[in-house]
Structures are given as C-alpha cells and as structure tokens.
Amino acid sequence: MGNGSTPLTKTLAPIKTGSFGLLVKILLLGLVNALAFWVAVVLLQQRYYWMLALLLLGVAAIDYIYLSARTYPLRFIVPGTIFLAIMVIYPMVYTIYVSFTNYGTGHLLSKEMVVAQYTNRYIQRKDLPTYQAEVFKNPDEEFAFLLTDTSGQQLVAVNGQAVPLAETPLPPSDDDGDGSYERLGHYERQSVLKIFPYLSQLQELTFIYEGLLLKTRSPNEFGYFARQYRYDLERDMLTNLETGTDYYAVDGNFQSSNGELLDIGYKTTIGRRNFRNLFTDRRYAEPFIQVFVWTITFALISVVETFALGLLLAVLLNDVQLKLRGLYRSILIIPYAMPAFVTCLIWRGLFNTELGIINSALLVPLFGKAIPWFQDPFWAKVAVLIVNLWLGFPYMMLICSGALQSIPHELYEAAMVDGASGWKRFRTITFPLMLSQVTPLLIASFAFNFNNLNVIYLVTKGRPPIPGAITPTGATDILISYTYRMAFESGSGGNYGLAAAVSLLIFLLVSIITLVNIKSSRMFKEVPQYD
Amino acid sequence: MINQEIGKDERLRRKTWNQIWKQIVIWVCILFALFPVVWVISASFDPSNSIAGQRLIPQNPSLSNFRQLFDREEQPFLTWMFNSYKIAIGNSLLVVVVTSLAGYAFSRMRFRGRRVGLIGLILIQMFPQMLMMVAIYLVVFWLGQYIPFLGLDTHAGLILVYMGGAMGVNVWMTKNYFDTIPRSLEESAMLDGATPFQLLIYIIIPLAVPILVVVFFLQFIAIYSEFVLARVLLTSDNKLTLAVGLQSFVADQYGKRWGIFSAASLISMIPVMALFWLLQKQLVTGLTSGAVKN
Numbered sequence: 001m002g003n004g005s006t007p008l009t010k011t012l013a014p015i016k017t018g019s020f021g022l023l024v025k026i027l028l029l030g031l032v033n034a035l036a037f038w039v040a041v042v043l044l045q046q047r048y049y050w051m052l053a054l055l056l057l058g059v060a061a062i063d064y065i066y067l068s069a070r071t072y073p074l075r076f077i078v079p080g081t082i083f084l085a086i087m088v089i090y091p092m093v094y095t096i097y098v099s100f101t102n103y104g105t106g107h108l109l110s111k112e113m114v115v116a117q118y119t120n121r122y123i124q125r126k127d128l129p130t131y132q133a134e135v136f137k138n139p140d141e142e143f144a145f146l147l148t149d150t151s152g153q154q155l156v157a158v159n160g161q162a163v164p165l166a167e168t169p170l171p172p173s174d175d176d177g178d179g180s181y182e183r184l185g186h187y188e189r190q191s192v193l194k195i196f197p198y199l200s201q202l203q204e205l206t207f208i209y210e211g212l213l214l215k216t217r218s219p220n221e222f223g224y225f226a227r228q229y230r231y232d233l234e235r236d237m238l239t240n241l242e243t244g245t246d247y248y249a250v251d252g253n254f255q256s257s258n259g260e261l262l263d264i265g266y267k268t269t270i271g272r273r274n275f276r277n278l279f280t281d282r283r284y285a286e287p288f289i290q291v292f293v294w295t296i297t298f299a300l301i302s303v304v305e306t307f308a309l310g311l312l313l314a315v316l317l318n319d320v321q322l323k324l325r326g327l328y329r330s331i332l333i334i335p336y337a338m339p340a341f342v343t344c345l346i347w348r349g350l351f352n353t354e355l356g357i358i359n360s361a362l363l364v365p366l367f368g369k370a371i372p373w374f375q376d377p378f379w380a381k382v383a384v385l386i387v388n389l390w391l392g393f394p395y396m397m398l399i400c401s402g403a404l405q406s407i408p409h410e411l412y413e414a415a416m417v418d419g420a421s422g423w424k425r426f427r428t429i430t431f432p433l434m435l436s437q438v439t440p441l442l443i444a445s446f447a448f449n450f451n452n453l454n455v456i457y458l459v460t461k462g463r464p465p466i467p468g469a470i471t472p473t474g475a476t477d478i479l480i481s482y483t484y485r486m487a488f489e490s491g492s493g494g495n496y497g498l499a500a501a502v503s504l505l506i507f508l509l510v511s512i513i514t515l516v517n518i519k520s521s522r523m524f525k526e527v528p529q530y531d
Numbered sequence: 001m002i003n004q005e006i007g008k009d010e011r012l013r014r015k016t017w018n019q020i021w022k023q024i025v026i027w028v029c030i031l032f033a034l035f036p037v038v039w040v041i042s043a044s045f046d047p048s049n050s051i052a053g054q055r056l057i058p059q060n061p062s063l064s065n066f067r068q069l070f071d072r073e074e075q076p077f078l079t080w081m082f083n084s085y086k087i088a089i090g091n092s093l094l095v096v097v098v099t100s101l102a103g104y105a106f107s108r109m110r111f112r113g114r115r116v117g118l119i120g121l122i123l124i125q126m127f128p129q130m131l132m133m134v135a136i137y138l139v140v141f142w143l144g145q146y147i148p149f150l151g152l153d154t155h156a157g158l159i160l161v162y163m164g165g166a167m168g169v170n171v172w173m174t175k176n177y178f179d180t181i182p183r184s185l186e187e188s189a190m191l192d193g194a195t196p197f198q199l200l201i202y203i204i205i206p207l208a209v210p211i212l213v214v215v216f217f218l219q220f221i222a223i224y225s226e227f228v229l230a231r232v233l234l235t236s237d238n239k240l241t242l243a244v245g246l247q248s249f250v251a252d253q254y255g256k257r258w259g260i261f262s263a264a265s266l267i268s269m270i271p272v273m274a275l276f277w278l279l280q281k282q283l284v285t286g287l288t289s290g291a292v293k294n
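Residue numbers (the numbering used here), protein chains in the order written: chain A, 1 to 531; chain B, 1 to 294.
Hint data in this document are derived by calculation from the structure and do not stem from the laboratory.
Don't take every hint at face value.
Said to hold, decoys possible - Quick look at which bits of chain B chain A covers, simulated, 3 or more residues with Cβ under 8 Å:
1) 28 to 36
2) 98 to 105
3) 122 to 128
4) 221 to 229
Because the structure is a prediction, the values reported are computed rather than measured.
Glycine included, C-beta positions come from ideal geometry on N, C-alpha and C.
Chain A extracted, bound-state conformation:
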C-alpha cells in the first residue's frame, strides 16, 4: 500500500466541479430527496415513527455528504452502502427482532386488527324470520332495502334503521302498476346484476329493527344477526356471546380458561420463548438437536473427505514424471466448473431409487441389490456426502496444488539426503506445511458447508422425514434448510419467529467460526491503522 504518497483529500481542499457536473449532482440529490419525502409521508400515515426517524437521519446524512467538501470520500461509498443498509443491515436487525416474536401464519396481524376481526363477526339467529330483499339506490350511491317476510309483512331499511313500510319517510311508488315498487322516495330499484359491484359494501351494512340487528345473508335475503364476540378492553378478553366463554389474551392468542384457543392469534413479542422451545420443548428440541448434530457432522465430513481426496490428487499430479497430468487436471476440475444448481439435480436423478442409474446400472448388476437412497436416513446422508465430495474435491485439489508449489524444494532434498522415504517426507514435510497454509481455507470451507443449502435442498430436500417432528424436518436437513422449510414450505404455514431464532443461532455459530478463522489467518494484518 503506497504509504509514501500524498492523500488526495488534503491536496484537494476546495473541490471545483464543472457546471454540468454540478447540475447533474443537484438533480440527482433533488431526486433522492423527493423520493425520501414521498416515503416519509407514507411512513407518517402508517405511523412507523422509528422508520421515519431513521429515514430522515439517513437523508440528512446523504445531503450533508454530497454538499460538504469535508466528506468528499464518502460520496463514493454511499451508493453501495445504501443497498447494504436496506438489504443486509436492516434485515439483520429485523431478524433479531422477529426471533423474539411469534410472527408467522396464524399470528400475522396486530392485536387491534384481530380484535376488530372478531368483533365484526356476526352469526344469524335461526329463531327469527328471514326477509326477501329488494335493493334501491339513490343518486348519492346510498342504499335502501324493501324487506318482505314470509307472512307478507314489509319493512324499509335505510340509514341504519328499519321501520315498517307504513311508517317510512320514503314514499313507495309503483309507477307501472304491476304491484311491486320501482321507487322508494328518490331511491330507485336495482336489478341484481347492477348491485353486483357493490356486494362487499352491502355486506357491511347493518340495520336496527326493534333493538335487533338486520343484515344481508345474500344479495336478496336479509336475516337477524347477533354479534358473535364482544371485546372487553379492561380485562383484555373476547367473550363469545353465543356460548358465554371468555377468551383472555395470552402470549399472542385468545385463550379460554380450559385452554381452548381462537383460530386467529396476533403478533406479539414473546421474549425468549422461541429459543426456549428449541432447547426444552421436546416437540421442537428433538428434531432441532438432531438437525444440529447432523449439520456439524455434515460440514466436518465434507471438509475432511474433500480435503483428503483433493490432497491425494494434488500430490499425485505434482509428480513431474506422470504423463498427461495437464489433461488429468483439466478433467478433474470439471465438477467445479459446472454450476451446482444443475449438478445437484442431476445427482438427484442418478440416485433415484427405482429408476436412477446408480441402482439400475451399477449396484443391481454388480451386487444384485438396490439401495433405498432417499428412503433410508443413513443412505440419504451417504448420498448427500457423495454429492458433496464430487462438488468439493476439485476446489481442494486446486488449493492443495497451489500450496504444494510454495513448499521449498530444498526441504525435500535435505530429507532425501537423510534417506527419508516418500511417505515419511509427506508426513513430516508436505502435510504439516500444507496444513498450516490451508487451515483458514478449511475453516472457511467448514463455514460454507455449514450453510450449504444447495446440496441439501436440491439433492434430498431434507428427506426422509423425521417422524413426529412438529415442523417439517428430515434426516438430511441441516440448520439452514430446516429454517428455510420452516418459514416457507410448512404445510401448516410459516413460523417466521422460530425460523428467525434458528437463523440467529446460525449467525452466532458462523461468527464464532469466523473469529477463529481471523485469528488463525491474521486476515486484517494488511489493513494499516491510519487514523
């Protein structure tokens, strides 16, 4: 790094920009501010005050950076940082928040919205009569209804009230004399087709008749309804008015005294419950621990097997006497050159128990027996590890070849003089020197395989399933695929809170691995301290 050169910013104190450049800059900055203003209005309407504060702070910072000469270098970094903030840092913080909530299917709405849903539920009273309804509309798009019950008694329902036809202030008129009314005052009768676009609006309308609530059942039928639930703010409970049961708000659900839950829960923070469930609730903990152990096993075996084969091939190909070694190397690299999203799917086809080539062309002819690759937990794991060996060994071969080149030749010569055998030279010189060089890469590879969703998701999808698991979990699921399926592929809907909690644990583990790696490689020694 050029330590001797003059830092640009010091020599450039007054920065002159051409007038065209200035114009472009002001236009762009104006655009950003206009966009931010629009978003701010939306945020204000939605009462996202925290986000609003963050947005204003961010925009103020951007304006300052692009207008003040002192912050010149930051102007180059801001564009990338904005993306980073929206799509990495904010989601990271949000993941932490969600992991302490019960967010997910069945708990998607806020408590107010859930209470509103229940208190707007009505059930029809079967003991009271129903009415045939005719719909009338006035020029202001308001509706009136003429209701006729089975005994021929007629009511007019308008403005939230229903009264007998004789007492209505809207004079009915039968213009063509066919016995049915075309108009009620200035309301005109509508055909069913014409009211079709208004159906959802009509369903909201309620009318009171003698203290009872009238409401549509279908576009041309009315009945008496009663509210199903009442909300008591003080005691924070919903009462089912039909059965008289009280449901208290507890941890995101409305729960009766005998433990019965209402279908719709609400979103709320639930402290460490997601984490506690993962470790102590047997329904969650058993599959989770199983997945956790397999994740570590999978990552560890993957690193060891690929490193072993890669190292073997690197050493073999390092022999100058070997013929065609350039060609061999190019062929052996092929798995690495092919995109994993394709090759994993190919392997899945090859492993297919009934039809796959591995059973039909290799195992059955040679051993007379097929292996149930994806049905048996053990063989499914073996299959995943074989695929990962295939995907990973060329990489290890490449890095081992590189490391081999850097081992000084004199060491071998000295060892030969001492009469050390090939194996002994490998054991005492090649292997330890190589290991010290590639250890950071091995740790990185461990971290990569720890989150290797590609292989698991594409080859087995986590199958075969673990029986009795409460979230969709399979014997080959690793933490990341377990999280993915929990959030997006569960038959009973996603459990975002729990998925976020598992993500957070993965974060934590990856951080530890990374820290170890930084220590072992002293990665940042090359970044000098300037200020």
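Let chain A serve as the given structure and place chain B on it in line with the hints.
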C-alpha cells in the same frame, strides 16, 4: 557391486508399480468426476426421454429433447433463460459501478472510518443474505405495497435484494487492483484541474478494465446460480429464473422428463462453464487467497 545392481533393479520395479498405482487412482477419480456428466449428456440425446432402461450410448440419438424443451407451455424455458440473463447482467453491471466507486475511495483516499469500513465489509460478507430470507421477504413485501415495481414477484425487487451483497469481496478486489495503478498519471491530471471523480472515470477505469471484467463475471456466475432468494421472492411461472425453474423438471415425474431435464441442464450450464474456462487463472489465484466459490 552385485548388491547395488539388485538395488537398481528393485528401484526401477518399484517406480513402475508406483506409476501404475498412481494412474489407477487418478483414473478412478476421473470416472467419478465424469460419471454424472456422461450420463446426462447421453440422456439428453436419448429420444426415449425415460430414466428407466437408459443406456450409456443411446439408441437412435436425436435432438428431440432439445426441440421439446423449447416448446413446452408449462415450463417456458426460453423465458427463464431470458430472465436469468437479464437479472444476472443487470445486477452485475450495477455491482461494477458501485464497487468501482467504493474501491476507488478505499484505494486513493484517507478518511475517518476507512479501516472500519474495509474490515466491516469482509465481516458482513460472512453472513449470507440467505440467512435473513424471512426479513428480506418481509422488506420486499412491504416495499411492494408502496413501490409496486420493487415488490414481490418482480425482477427489479430481486436485483435490489442482490445489490445488498454487492460490496464486500468485490470492493476488496477492485481496491487491491487500483492500489497497483501508479499515481503519477492522476497527479498530472490533477494539476490540470480534474476532480477525483473525473480521475476515476477517465484514468483509473480504463486501466482497471481487467479487474472490472472479473468482478462482472464472478458476480454473473453467483447471481445466475442463486436460487434460494429467487425462489422465495418470485412466484409466477413466467417470472422465474433458470435456477428456480430447472427444479420444476424434477419436482414430479422425474422419470418421464429425464431427457428434457438433461437437455435443459446442459443448456443451463453453458454460460457458467464458458466463464469458468475464461477466468480459470483469476479464479485459481482468488482461491488461494481465500475466496470460496458458491
């Protein structure tokens, strides 16, 4: 004397055995490496299109699988290809712009937070966006309610998500390359009154084309192969990318569509393999310095 003769003979024999043994091991590995490749090539030309009873050398080889692939209604392969290229190229271009700006500042300027920024970029890179998929899904869902063209099931929204991962290794690579460009050129231009931004555009970027091409292609490969976020965010059939869409060939009736799937696989692989051969040298040097390919 005699003793020595025997030793020589023995050594020669051992050497030959040594070579044979090495050849055997290597050939076994080559068979392993080529095993899926050979079968998938064979299947793509096998008109029977069935996984059952497939032979290594197909009878009556033909291109019927490739022909069928391009006129399937339920799996619009051409559209997916177009989507993949559009998203990968669009994203990679933006990444090159963003990283060359940031790389320039980190290479040429000294400012408060520079060191923290550089280290922070590497650290943040350690946490794949995949881990935050729930939060990202919700952010995009929310964005889409107010800015529809950035919402769920839009390509612009997906590109925006991918842009979150733009900085990081890419910035380090460009910064390190910029560091190797001598400053004398810039200094003389500066005397003529050029702004740093002009220096970047007119002097640095033309000289740094090789690294920008590498950044572009590496990003292209990464985005072209990404399927986790794409699968979460894209839902309509004609919006999918290849990496997501390809899975639908194997979702059900694996056996019946094996030939078509194989043809699709081969076509999907082409750009990545071509870029790999092109970039082999940079990739291998990048590898030994610690970049793990996904």
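Exercise. Counting residues of the region 98 to 105 of chain B whose CB is closer than 8 Å to a CB in chain A, do you get three or more?
Worked result: holds (count 6)
For this session: Quick one: see if chain A covers the region 122 to 128 of chain B, three-plus residues with Cβ-Cβ under 8 Å.
Result: With 6 residues close enough to chain A, the hint holds.
Exercise. Taking a Cβ-Cβ distance under 8 Å as contact, does the region 221 to 229 of chain B have three or more residues in contact with chain A?
Worked result: holds (count 5)
For this session: Count residues of the region 28 to 36 of chain B with a Cβ under 8 Å from any Cβ of chain A, then say if the count reaches three.
Result: holds (count 7)
In summary, the structure agrees with every hint in the numbered list given earlier.
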